[in-house]
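Student: Listed below, chain by chain, are the residues.
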Amino acid sequence: MILKRTLLYCLVVLIGSLFVQPAFAQLQDVEINKKEFKVRKSGFKEAWKAVKEADALYGKGNTAGYRQSLVFYEEGAKYNNKNAELNYKLGVCYMFDSQMTKAEKSFEKAYEINPYAAHDLIYLLGQTYQVNCKIDKAIASYSEFVNKYQSFGDKDFDERIMSSAKRKIQECNTAKEMIKHPARVFIDNLGPAINTEFSEYGPVITTDESVLVFTSRREGTTGDERDIDDYKFYEDLYTSTKDAQGRWSRAVNMRDLNTVGHDASIGMSYDGQVLYTFNGTPNGTVLYSELEGSEWSKPKEMSKHINTKAHETSASISSDNKIFYFVSNREKDDYGMKSFGGKDIYYSVKNEKGKWGKVRNLGSAVNTKYDEEACFIHPDGVTMYFSSKGHKTMGGYDIFKTVRNEDGIWSEAVNLGYPVNTPSDDVFFVMAGSGRFGYYSTVKETGYGEQDIYRITFLGPEKLMVHAVEDNLMASLNSTITDKVVEQEVEIETVRLTLLKGTVTDAISGEPIKADIEIVDNEKDEIVTLTNSNSATGKYMLSLPSGKNYGISVKAEGYLFHSENFNIPAATGYQEVIKDVILSKVGVGTKIVLKNIFFDYDKSTLRSESYPELNRLQKLLESYPNMRIEIGGHTDNKGSLKYNTDLSQARSKAVVDYLVNNGISRSRLEFKGYAYLQPIDTNDTDEGRQQNRRVEFKVLSIN
Amino acid sequence: MKNLKRLSLFALLLSSGVLMAQEEANDTTQIIVPTKIIVDTMANADNLVAVEGQEAQLAYNSGVDFFAAGKYKEAVSQFTAAIDYNADFAKAYLNRGSALFQMNALTQAAEDLSKALEIDETLASAYYMLGIIYLQKEDYDQAKSSFAKASEMKYDNPKIDYFLGELAFMAGEYKEAVKYFDMALKNDKQNAMIFNDRASSHRQLNDFESAIADYTMAIELDKSNAMYYSNRGSVYRLMEDYDNAIKDYSMALEIDDDYKLARNNRGVSYMYLEKYDEAIQDFEEVLEVDRDYAYAYNNLGLVYYKMRDYDKAIDNYTKAIALNPDYGYAYLHRGSAKEMLRKFDDACNDWRKALELGVTQAETYLIYCNKED
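Heads up: the protein sequence lines correspond to chains A and B, in order. If you use our numbering, the first sequence corresponds to residues 1 to 703, in order. If you use our numbering, the second sequence corresponds to residues 704 to 1076, in order.
Be aware that one or more of the hints could be misleading.
[What the hints assert, rightly or not] Derived Cβ-Cβ restraints for the label pairs, each shown as a range: (1) A:R247 - B:K1009: 31 to 37 Å; (2) A:T446 - B:D946: 56 to 62 Å; (3) A:T446 - B:D980: 25 to 31 Å; (4) A:M162 - B:K1009: 41 to 47 Å; (5) A:P182 - B:I1070: 47 to 53 Å; (6) B:I1070 - A:N661: 56 to 62 Å; (7) A:P182 - B:D1012: 14 to 20 Å; (8) A:R247 - B:D980: 40 to 46 Å; (9) B:D993 - A:N549: 45 to 51 Å; (10) B:K1009 - A:I409: 55 to 61 Å; (11) B:D946 - A:R360: 17 to 23 Å; (12) B:T1063 - A:N549: 49 to 55 Å.
Everything labelled a hint here was simulated from the structure, so no lab data went into it. C-beta: ideal position from N, C-alpha, C; glycine also.
Work out the full structure, taking the sequences as your base and the hints as a guide.
Tutor: Next up, the structure:
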């Protein structure tokens, strides 16, 4: 996994390397002539030695070899930088070391001396131009390469090379267009608390952006060893949290999870309770670990459907924990559908038993014959961000977005645009719940070194600018007319999502409680999500799509359950709601408001949306067989006392009747109508009156 | 500019066939008045002898003479004397109103004309003159009903079509306006002002080709009028042909260096050509002519925004807002400039204000703003 991924970070196009090898074969030795060292003759010997050493490393043909040979070639070039082959090799080494500006200069120099110093020199020159955003020059180089290409005598190979070069030209044209119309974004480095001179990448976040986990190849890695393939430190996982002022804490190594080898972050549940990682097993396997209190569980492998002999990289789980998306280079899915080519995005749906089902290819709207990588499903459940070398890329991997409609069809992939995407590889993008902020890693000259993690702020379409002009249009009148202002029909991408978060604590001690939190679609009497609050912090986070009435129940052993009701209109955009829940231990006299009991207007008829809540109450009574309770009905102060007493009494009786009909002994239940005599809020506002209209239960005895 | 406009109106009134009749009658070209009215009153003067007293009639006749000689102040005195002799002398009121109109005493003129109509409601010319006064006072409803009354009474003046055209234009009924101007041009084929106005109606109907043709006719008929150039420039501007727009605005500015609107519009055209230095210079010169012109500050803000100098943009929007606290777009723009400086909360406050002031666009910008408590 890591080699593959590092290669892609190195920005080198694989097609290029196809014919880098034959070209290299002819260039095993850079010729160093004595006559080129007239000024300082001793230099010849040193140069010869350096280049010999370099050639030996270069000959390995891997990233590590190129990177390690670089210093020796640089040494050689100090003596003679007018050698085309040497400059060509320097260029290749710089490319593999992500030093694209230097690579471009070396290739240019090689080209000036001898454009045919290597078969792929002109192609690679085009590639460095492309990556460095010198698009016109890149097009010229690729065109020259195509026009002057000489066959290797292998027709298939020639065709592949030609189509690759032509596609590069296409990518350059896309790049020109995108650079002309840049996306309105701020791209900010996360700063020295996160980024170092080494590579940082693969950021994953909780959807409220409070926790960040990422991969780094920095010093101090577990085991302190380097990968022989690329001579970089092994990957380790790091984490950081954001404070109220928006500052990231100094990243810490996640010692629980890291091993001596590669450990990389590839996905996280939106609430940060499950982390998906990759460690450098030969096949490339997705692991998951759960946050238990303040500790991460030992990573376990995902099911056999998901992990195969092929490489599985990148993972993302829907916010309802029901769909798992991942990237794999397997040949076909579990239904026999062939891969579209290279790596594709697949998904698996959790079955009723809670097991991951058969894997399916995500389809042609997303997957192409080129590689796809780094899928991320937004907590809205319908928007996916992924990287691809296909679609309309500007070069290498670009980040795209697709949205699934109600029929399950994914929309055409849209490029997130320049400067988020560049002609280099842009991968591993995640989006916050708000849809306003994204995170990814990229290489910038202004960064701390190699890849750094950046936060992208999406500013949306260009803002309306209304110039002010007036004209005196009627010859004999003083009135002026201004231009008609056409307000733009701007499609602002809104995330219709409510993020509900808070802590669950004990009413008396204030200690955090690990509680089961259940979200119920009241109308369908269907559990939408089940989650837990964290035992160490009591924190929980829930994502609720707009357009529904939700009942939320919080339960923990030994505590009376707590219920909340949330009605989120369909038009509600992104919002974060903080709801701290206090649970009371089961005890005589404890009162609980039942927030998900609904009656018809002015009547005592229970509405069916109340059943989930009533069933919870029934279960509570079943688990405490001797518990006696009183159901109390309360109203607001509109209307007479008598009317309200009658109504509240009838309503509490309806609740009791429901429980009796469901097998609870009437002797355990009392009901009472309190009318408006025990308000818990003001009766002067709508909100206050809403709070006051309620059904409560009170524990009368337990044993 | 205001004086220039008034002269334009008189020029229009002068350039009618009616004036020719007047010239023949009085052998003078000095009179720049709603001439038809005078002709009417004078033509009927003889009939009044038997009815009115001698002194009143003499004073009245004398007033008419002064009027014809362009001595309006004296004319007013004589008509006043006539009224003193005969308080019900309708035509004395009518012509004193005419003389006051010439002296730009519009309110007093309107009072006299109304008094004349109180005494004699058949004086169609009084309605017509009142129409013109209301037009000048931008009271378009009153103007329209006055002209309608004159028209009902078969008051035969080719200029009525012209004025009705302008009124239709002001009511936003541009197709109607074109029809009136077409009729006006039938009677007055060489009138630059009518061409200008018809061109403006075409412009408002987005028929830019016809607008250019009519403005060009207006310019050919009267090359000294800066407004026609400026208006043609604006059509080019709307067509995004900024080079031609700038040429026309520059012509207008050669004629009238203080022509604020043309200079402001030229600045906007430079802005779209990304000639920001020229644009800034124009807007700053506009502000030298009129320090309180909030639009120029707004436009300066836009230029600085485009130059990514967001601080200066904000300064200018703030000045525009100080001059016009209801300037919704200035708030909208200032919010957008603040956004670029990452002052998101401030930006949201400005967008909220813009929305309050009726800029609905702001609503979409507020999606990412935190809800107010």
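Student: Need the list of violated hint numbers for this structure, in ascending order.
Tutor: 2, 5, 6, 9, 10, 11 and 12
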